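Q: Chains as they are written, first to last, in our numbering: chain A, 1 to 291; chain B, 1 to 271; chain C, 1 to 305.
Just so you know, the hints here were simulated from the structure itself, not pulled from any lab data.
The structure presented is a predicted model; accordingly, all values stated were derived computationally and were not measured.
Each residue gets a CB set at the ideal place from its N, CA and C atoms; glycine is no exception.
One should not assume that every hint holds.
[As the list claims (entries may be wrong)] Taking lysine to aspartate or glutamate pairs in the EDC-like style, the calculated list, with each CA pair at most 16 Å apart, reads:
# : chain 1 : residue 1 : chain 2 : residue 2
1 : A       : 245       : A       : 269
2 : B       : 38        : A       : 195
3 : C       : 84        : A       : 195
4 : A       : 239       : A       : 47
[What the hints assert, rightly or not] Facing chain B, a subset of chain C residues (Cβ under 10 Å, in silico):
#  : residue
5  : 28
6  : 47
7  : 127
8  : 145
9  : 230
10 : 236
11 : 252
12 : 253
13 : 291
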Amino acid sequence: MEIRKILLLALSLTLCAVVAQAGFDASRVISVVSREEGSGTRGAFVELTGVLAKNSEGVEVDSTYAEAVIANGTNLVLTTVAGNDAAIGYASLSSVLHSDTVKALRVEGVEASTGNILNGTYKIARPFNVVTNGNLTDPLALDFMRFVMSREGQAIVSDDGLVSDANGQTPAYVAAGLAGSLTIGGSTSVAPVMELLGEAYMELNPDAVIEVQSTGSSAGVTGALDGTYDIGMASRALKDSEVEKGALGIVIGTDGIVLVVNLNNPLEDISVEQARQIFTGEITTWADLNK
Amino acid sequence: MAAACVCILAVGVICYFLFANGLPFFAQYAVSDFISGKEWAPLRGVFGILPMIVGSFVITLGALLLGAPAGVLTAIMMARFSSGKAVRLMKPAVALLAGIPSVVYGFFGLMLLVPFTRSILGGDGLSILVAAILLAIMILPTIIQTSRAAIEAVPNAYYEGSLALGASHESSVFRAILPAARSGIVSGIVLGIGRAIGETTAVLMVAGNQARLPTSLLKGVRALTVNVLLEMGYAADLHRASLIATGVILFVIVMAVNIIFSFYNRRRVLQ
Amino acid sequence: MSVRSGSGKSRITVDISLPTRKRTPWGPVLLKWLCWLAGVMTMGVLMLIVLYILVNGVPEFFFRDENGALQFKDQLFALKYNSKNLSMFPAIINTLLMTALSLLFSVPLGVGGGIYLAEYAKPGSKLVKVIRVTAETLTGIPSIIYALFGMLVFVVTLGIGISMLAGALTLGTMTLPLILRQTEESLLGVPMSYREGSYGLGAGKLRTTLRIVLPVAMPGILAAVLLSIGRISGETAALIFTSGTGTRIAGLYDSGRTLAVHLFKLQEEGRAVGASFAVAVVLLAVVVLMNALSVYIAGKLTTKG
């Protein structure tokens with residue numbers, strides 16, 4: 001029994017070792033990794049790369065490749081790409097900055113960085129919104145919003161890898177010392193930076209409690225409208241249908257979307273058109289891409 | 001003491017709310033299109049869940065083909081072919097296997113099984129095959145525990161009678177004890193099916209989740225449960241209703257499995 | 001392997017009509033070895049998973065200070081969670097709270113219902129049958145459906161909102177059938193002679209049930225409770241939609257995450273995957289502890305009874 005177990009363990013460890021990689025094989029089929037339908041990141045990505053386009057009848061169609069792996073959440077995208085030589089995916093810049101397991105591609109020769117998003121040369125970027133029902137009256141919520149848009153708040157935003165519009169004119173925040181609690185919910189991409197903002201705010205206003213729920217962009221907008229959340233979060237621009245219902249979005253920062261490939265992949269640069277072709281399945285092998 | 005009625009109440013309330021929230025969707029979208037539609041594009045208003053039904057079915061079947069024999073055989077070994085020492089070791093081990101949260105299984109699958117199948121068999125690695133293997137592992141403890149209990153519950157007289165007739169130890173186990181424990185073993189397998197169909201988090205992490213009909217075991221697939229969990233956070237209006245309707249279909253499938261099984265059991269009892 | 005053993009199994013079912021036929025020495029022996037193989041494989045898989053969690057998780061509890069000495073990362077257990085310390089302490093407390101709240105709902109109802117079914121209801125009556133079938137159905141329902149149910153009923157319709165209470169009610173409903181059925185089965189397993197002896201001594205029905213039958217059935221009931229605790233502490237899908245992902249130690253009407261949800265959320269955005277393994281180690285420890293406890297309690301009760 002004992003010997004058998006040890007043998008088995010040895011066997012399983014060898015199996016793991018076999019998994020270690022060989023060289024990069026360009027003839028391999030590209031493993032496309034996308035996000036779930038409705039995700040703010042996917043919504044912005046397909047729009048900016050042209051994967052979402054009007055068909056002959058004038059209806060907008062998201063023609064993401066049917067064979068694309070659907071990962072829920074940034075981590076699953078990064079983990080999948082990190083473990084697969086032939087994979088390509090996309091994720092929020094602020095998250096990729098915190099990870100060294102994948103390679104970020106340049107788009108049209110421009111590196112994905114906050115500087116390049118600010119000067120407009122890096123094209124694939126979307127706004128991070130906070131959403132209210134357009135009629136924010138709670139003093140705590142108003143004061144928190146004041147903090148988010150202040151010099152201090154925006155410093156946190158840009159430290160986290162987002163692009164902030166703040167400049168010398170942005171007012172400093174003066175703690176009001178309010179008490180009470182605030183529930184903020186929505187986009188899983190916005191949640192990490194919102195958590196940081198909440199923690200900083202609670203340090204300045206010890207009697208206030210800021211609770212951050214991460215559920216998804218659309219849930220954030222719906223929640224802000226029906227009162228589940230005092231403030232909602234969305235990692236995309238608001239839809240017309242949401243604005244009609246009274247949702248009001250305030251941009252707290254701009255986030256880049258980065259195309260990521262495996263560290264073994266020699267590719268460094270990609271064009272928006274190539275990205276579109278890969279994510280619609282028009283190009284299916286790495287060799288075809290380089291033609 | 002009629003507290004037991006709360007159970008009925010609970011089923012009633014679950015049914016009522018699921019159906020009340022799910023059925024209005026069918027008023028706007030034909031049931032037949034929903035169940036037999038091959039395309040899922042919720043943002044365009046196309047809701048076909050045939051790929052997910054097939055997906056759930058295929059990975060459950062795969063898990064069953066791998067997990068049921070392994071589980072039942074392990075149970076037989078624990079109950080009849082092993083020393084007390086091995087069983088003392090294995091009992092808590094199986095219980096441990098049952099207690100590991102599915103997120104952890106998912107991670108394990110993603111980090112070990114996925115790269116492993118990719119390097120041996122090619123493809124994405126995120127595939128029906130891996131999902132089936134992972135689910136097989138996850139249903140093992142359910143099947144082992146139920147089967148073992150069933151085998152141990154068979155009166156020893158069966159075994160001794162068989163020995164007395166001249167059969168060997170092995171023959172007695174397989175010919176006399178096993179048939180007597182059959183209904184318990186089957187109920188263990190049915191519980192396993194339930195767990196496999198219902199599993200969400202672990203499948204989500206290793207199955208690739210493509211909402212189209214798969215063409216090979218090395219391709220990914222999306223299960224019904226995954227469809228709900230993936231998109232619920234984002235969905236609004238008709239899309240949200242379609243996800244609840246997906247839950248209704250899943251519910252109906254699970255009920256059907258239960259009913260078929262209880263029919264089978266009743267027939268056995270009658271015989 | 002599976003195919004061969006599968007066909008082996010179907011052979012058995014054919015052969016049962018002839019139980020007295022001796023010979024075929026090799027078939028069953030081969031099957032016996034397959035059994036051993038399956039057993040060893042099960043153990044191997046388990047060890048692989050546990051090893052995987054420990055190898056990745058245990059180092060997360062330690063860090064090297066500036067002198068290079070190994071230090072315990074006690075910030076993982078700080079009183080309050082923030083995105084820097086990633087403390088799992090609030091999640092641990094929430095898990096305990098969630099477990100206690102859910103059981104507060106499901107244990108009295110489940111045990112009460114089980115006693116009713118086993119001791120009071122007329123065996124074979126319509127009501128008993130209906131309850132048994134519904135309990136069976138409830139056990140088989142996937143947790144994602146409980147998630148939808150909890151969200152629609154407790155969070156939205158009853159207006160409790162995303163809170164510990166809504167989560168506990170959902171999980172209570174989920175574990176109720178488990179406890180109900182196990183209680184009933186354990187009670188039915190108590191020999192009739194115990195009851196008759198008690199009646200013979202002049203005890204009433206209620207007294208007999210509570211003082212004689214229930215204690216004997218206790219190990220079975222406790223096993224069900226421990227199994228429920230396992231399900232509650234490992235549940236993610238049903239809780240994300242009902243008790244949410246709040247990071248503080250939660251009150252009844254606050255949102256709060258349990259350990260399993262904490263694990264899921266930590267890995268989701270990819271910023272704290274390492275810490276999520278540390279949570280997995282703690283969860284594993286909880287499972288081991290729970291199992292040990294159940295063996296201990298069962299042992300104590302059996303020797304007493």
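Q: Now, for every hint given, state plainly whether the structure supports it.
A: Taking the hints in turn, this is what the structure says about them:
1. A:245 - A:269: violated, 42 Å
2. B:38 - A:195: violated, 40 Å
3. C:84 - A:195: holds, 10 Å
4. A:239 - A:47: At roughly 13 Å apart (the allowed maximum being 16 Å), residue 47 of chain A and residue 239 of chain A satisfy the hint.
5. 28: Constraint on residue 28 of chain C satisfied, holds at 3 Å.
6. 47: holds, 8 Å
7. 127: It holds, given that the least Cβ distance between residue 127 of chain C and chain B is near 8 Å, below 10 Å.
8. 145: holds, 5 Å
9. 230: holds, 5 Å
10. 236: holds, 5 Å
11. 252: Since the shortest Cβ distance to chain B is 21 Å, the answer is violated.
12. 253: Violated, because the Cβ-Cβ distance from residue 253 of chain C to chain B comes to roughly 21 Å (cut-off 10 Å).
13. 291: holds, 5 Å
Hint compliance for this structure: hints 1, 2, 11, 12 are broken, all remaining hints hold.
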